[in-house]
Amino acid sequence: MNTHKPDLEKTSIFANLTKNGNLATIEEITARTATLKGPTTLTDMPAPENTHISVRNLNLHIQKNHILKNINLDIPDKKLTCIIGPSGCGKTTLLKTFNRLLDPSVDIKIDGKVLVDGENIHDKSIEVTHIRKKMGLLSQRPCPLPMSIFDNIAYGPRMHGSRNKKILIQKVELYLKAAGLWDEVKDRLNSPASSLSIGQQQRLCLARGLAVEPEIILGDEATSALDPISSKHIEDLFLQLKKDYTIVLVTHTLRQARRIADYVVFMYLGEIVESGQVEEFFSNPKQQLTKDYLAGSFS
Amino acid sequence: MKGRLLEEKIVKMLMRATTLIIISSLFFIFIAIVRRGLPARTWDMITKIPGGGFYIGKEGGILNAIVGSFMIVLGSTALGLLIAIPIVIFINLYLPKKSLLSDFTRLSFDVLFGIPSIVYGAFGFTIMVFLGMKTSLLGGTLAVTFLITPILVRSMDEVARMVPRELYDATFSLGATRLETVKVVLRQIAPGITTAILLSVGRAIGDAASVLFTAGYTDSIPTSLGQPAATLPLAIFFQLSSPIQEVQNRAYSAAFILTMIVLILSLAARYYSRKLSKHKI
Numbered sequence: 001m002n003t004h005k006p007d008l009e010k011t012s013i014f015a016n017l018t019k020n021g022n023l024a025t026i027e028e029i030t031a032r033t034a035t036l037k038g039p040t041t042l043t044d045m046p047a048p049e050n051t052h053i054s055v056r057n058l059n060l061h062i063q064k065n066h067i068l069k070n071i072n073l074d075i076p077d078k079k080l081t082c083i084i085g086p087s088g089c090g091k092t093t094l095l096k097t098f099n100r101l102l103d104p105s106v107d108i109k110i111d112g113k114v115l116v117d118g119e120n121i122h123d124k125s126i127e128v129t130h131i132r133k134k135m136g137l138l139s140q141r142p143c144p145l146p147m148s149i150f151d152n153i154a155y156g157p158r159m160h161g162s163r164n165k166k167i168l169i170q171k172v173e174l175y176l177k178a179a180g181l182w183d184e185v186k187d188r189l190n191s192p193a194s195s196l197s198i199g200q201q202q203r204l205c206l207a208r209g210l211a212v213e214p215e216i217i218l219g220d221e222a223t224s225a226l227d228p229i230s231s232k233h234i235e236d237l238f239l240q241l242k243k244d245y246t247i248v249l250v251t252h253t254l255r256q257a258r259r260i261a262d263y264v265v266f267m268y269l270g271e272i273v274e275s276g277q278v279e280e281f282f283s284n285p286k287q288q289l290t291k292d293y294l295a296g297s298f299s
Numbered sequence: 300m301k302g303r304l305l306e307e308k309i310v311k312m313l314m315r316a317t318t319l320i321i322i323s324s325l326f327f328i329f330i331a332i333v334r335r336g337l338p339a340r341t342w343d344m345i346t347k348i349p350g351g352g353f354y355i356g357k358e359g360g361i362l363n364a365i366v367g368s369f370m371i372v373l374g375s376t377a378l379g380l381l382i383a384i385p386i387v388i389f390i391n392l393y394l395p396k397k398s399l400l401s402d403f404t405r406l407s408f409d410v411l412f413g414i415p416s417i418v419y420g421a422f423g424f425t426i427m428v429f430l431g432m433k434t435s436l437l438g439g440t441l442a443v444t445f446l447i448t449p450i451l452v453r454s455m456d457e458v459a460r461m462v463p464r465e466l467y468d469a470t471f472s473l474g475a476t477r478l479e480t481v482k483v484v485l486r487q488i489a490p491g492i493t494t495a496i497l498l499s500v501g502r503a504i505g506d507a508a509s510v511l512f513t514a515g516y517t518d519s520i521p522t523s524l525g526q527p528a529a530t531l532p533l534a535i536f537f538q539l540s541s542p543i544q545e546v547q548n549r550a551y552s553a554a555f556i557l558t559m560i561v562l563i564l565s566l567a568a569r570y571y572s573r574k575l576s577k578h579k580i
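Read top to bottom, the protein sequences are chains A and B. Number 279 in the working numbering belongs to position 279 of the first sequence; there are no gaps in the numbering. Start counting at 1 in the second sequence, then tack on 299, and there's your number in the working numbering.
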């Protein structure tokens with residue numbers, strides 16, 4: 001779980017903030033943050049009819065820390081959107097609010113709306129399992145369930161009511177194929193999932209998520225723990241899957257965003273600085289802060 | 300440099316020495332009970348209940364105590380798990396990470412863990428007197444349940460705390476409810492549950508003080524919860540306090556049986572624990 005400690009985080013950002021190789025002064029940082037005032041420019045985000053997830057005036061506090069500050073965002077349907085930004089900027093927190101892994105509690109306060117297919121996910125009449133079933137989550141490190149490969153994939157469908165053995169076998173094959181894992185595991189479906197390599201485990205987790213038949217795939221730095229080959233494998237899968245799914249990835253490798261994203265959202269200290277189509281974002285950033293980030297003056 | 304290497308050597312030697320002392324003391328205990336129990340080790344010991352004059356060296360065995368011990372251990376472990384698993388699940392999955400209630404629960408069980416078994420026996424006895432019960436299988440089972448619940452809770456809790464946060468997130472994001480997540484978590488901690496059971500069974504089967512006032516002692520095998528039940532530790536205790544050599548030998552023989560039971564249970568638990576670890580992530 002992300003516990004945000006703004007004081008520590010600020011200092012670490014201070015340490016990282018460099019301009020021309022020198023430490024940025026506090027004045028420079030305040031100047032940067034000052035550019036954030038005023039409405040966020042949603043340059044060429046999609047027209048409302050093509051949005052799948054809409055975030056409106058979202059504010060999130062964990063204890064007394066303001067983690068997400070007035071987020072407004074439209075995530076396009078059946079496109080790949082990358083959320084980028086330095087560590088601790090709230091990317092993962094934002095992602096976790098989408099499927100309500102961060103739910104309002106004593107410590108967590110959420111205002112504003114997150115609409116998925118027009119439904120406000122925090123609406124009292126909406127069951128949290130219904131929201132989560134719509135979204136598959138890939139975490140940073142793959143986490144297979146403590147059961148066999150077959151049962152890992154069949155877990156979701158079984159839980160959501162399909163008990164027919166034949167259908168389950170079909171589904172397991174279908175989704176393992178979709179995640180490009182079938183050929184590697186078809187002869188050992190009953191082996192424990194933990195016996196797979198970490199790259200295979202991540203594809204297993206993807207297949208497990210797909211088996212619940214979601215509409216959206218959320219990825220939280222889903223390739224950062226993987227070796228380059230497995231990482232490439234997952235990226236290629238995302239590119240295939242975006243035909244049928246809305247994909248939102250949190251990443252802090254800019255190059256990955258550039259390679260695979262259709263849309264890019266740049267966050268900094270809990271705010272969205274800039275968002276837009278990938279070519280436009282990388283070739284013609286509007287905000288000074290974005291330019292600095294892309295130039296690598298802080299990370 | 301030399302000083303540091305010497306330090307390394309000394310510490311290593313100390314570690315070897317302590318390990319050796321522990322293993323050899325276990326070995327010597329075993330030798331003692333095997334040797335002294337040898338003359339009394341007959342099939343009668345484990346197939347017969349005490350006959351007339353058993354305690355002055357005549358015919359019979361301690362089947363009553365073996366059966367009584369098994370009944371009490373089985374009953375109290377089952378009851379203990381029924382109490383302990385919900386507590387562990389509650390403090391780990393339903394309460395927030397830092398919660399006053401979970402801290403307090405853990406502290407309480409740490410204290411209960413350290414309470415000597417005679418206190419549980421006396422406590423159980425007081426309640427039984429209050430309820431007008433006599434020493435019985437039920438009373439003994441309940442007292443032993445009190446004794447082992449803290450062991451079960453604390454050892455399972457330690458394992459449950461190690462469950463990676465990502466596992467919860469993974470099942471939740473598949474649309475699982477909390478209870479469905481609990482089932483997955485139970486699979487993950489199954490080897491830990493086996494170890495917890497082993498620890499508590501070991502304690503339960505060997506404890507004399509908690510059953511002294513509560514289960515009582517009898518020469519027959521209990522046929523209902525209301526009848527008193529004999530137990531192995533008490534069988535050892537009563538025979539050992541006899542002045543007759545032959546009866547004392549029987550005590551060692553009974554100790555041998557008890558040790559063998561614990562050994563077999565440990566091996567079985569290890570086997571199952573390994574089997575259950577197969578899917579652990």
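Everything labelled a hint here was simulated from the structure, so no lab data went into it. Just so you know, not all the hints are guaranteed correct.
[Stated by the list, open to error] Below, a list of computed lysine-lysine pairs in the DSS-like style, where the Cα atoms sit at most 27 Å apart:
id, chain 1, residue 1, chain 2, residue 2
1, B, Lys577, A, Lys177
2, A, Lys177, B, Lys579
3, A, Lys64, B, Lys396
4, B, Lys574, A, Lys165
5, B, Lys397, A, Lys165
6, B, Lys577, A, Lys69
Status of the hints after comparison with the structure:
Restraint check for Lys577 of chain B and Lys177 of chain A: the C-alpha separation of about 25 Å stays at or below 27 Å, so the hint holds. With a C-alpha separation of about 25 Å, the suggested pair Lys177 of chain A and Lys579 of chain B falls inside the 27 Å cut-off, and the hint holds. The suggested pairing of Lys64 of chain A with Lys396 of chain B holds, with an alpha-carbon distance near 17 Å, which does not exceed 27 Å. For the hint linking Lys574 of chain B to Lys165 of chain A, the alpha-carbon distance of about 25 Å falls within 27 Å, and the restraint holds.
For the hint pairing Lys397 of chain B with Lys165 of chain A, the CA-to-CA distance comes to about 42 Å; that exceeds 27 Å, so the pair is violated. Distance hint between Lys577 of chain B and Lys69 of chain A is unfulfilled; the C-alpha atoms sit about 45 Å from each other, more than 27 Å.
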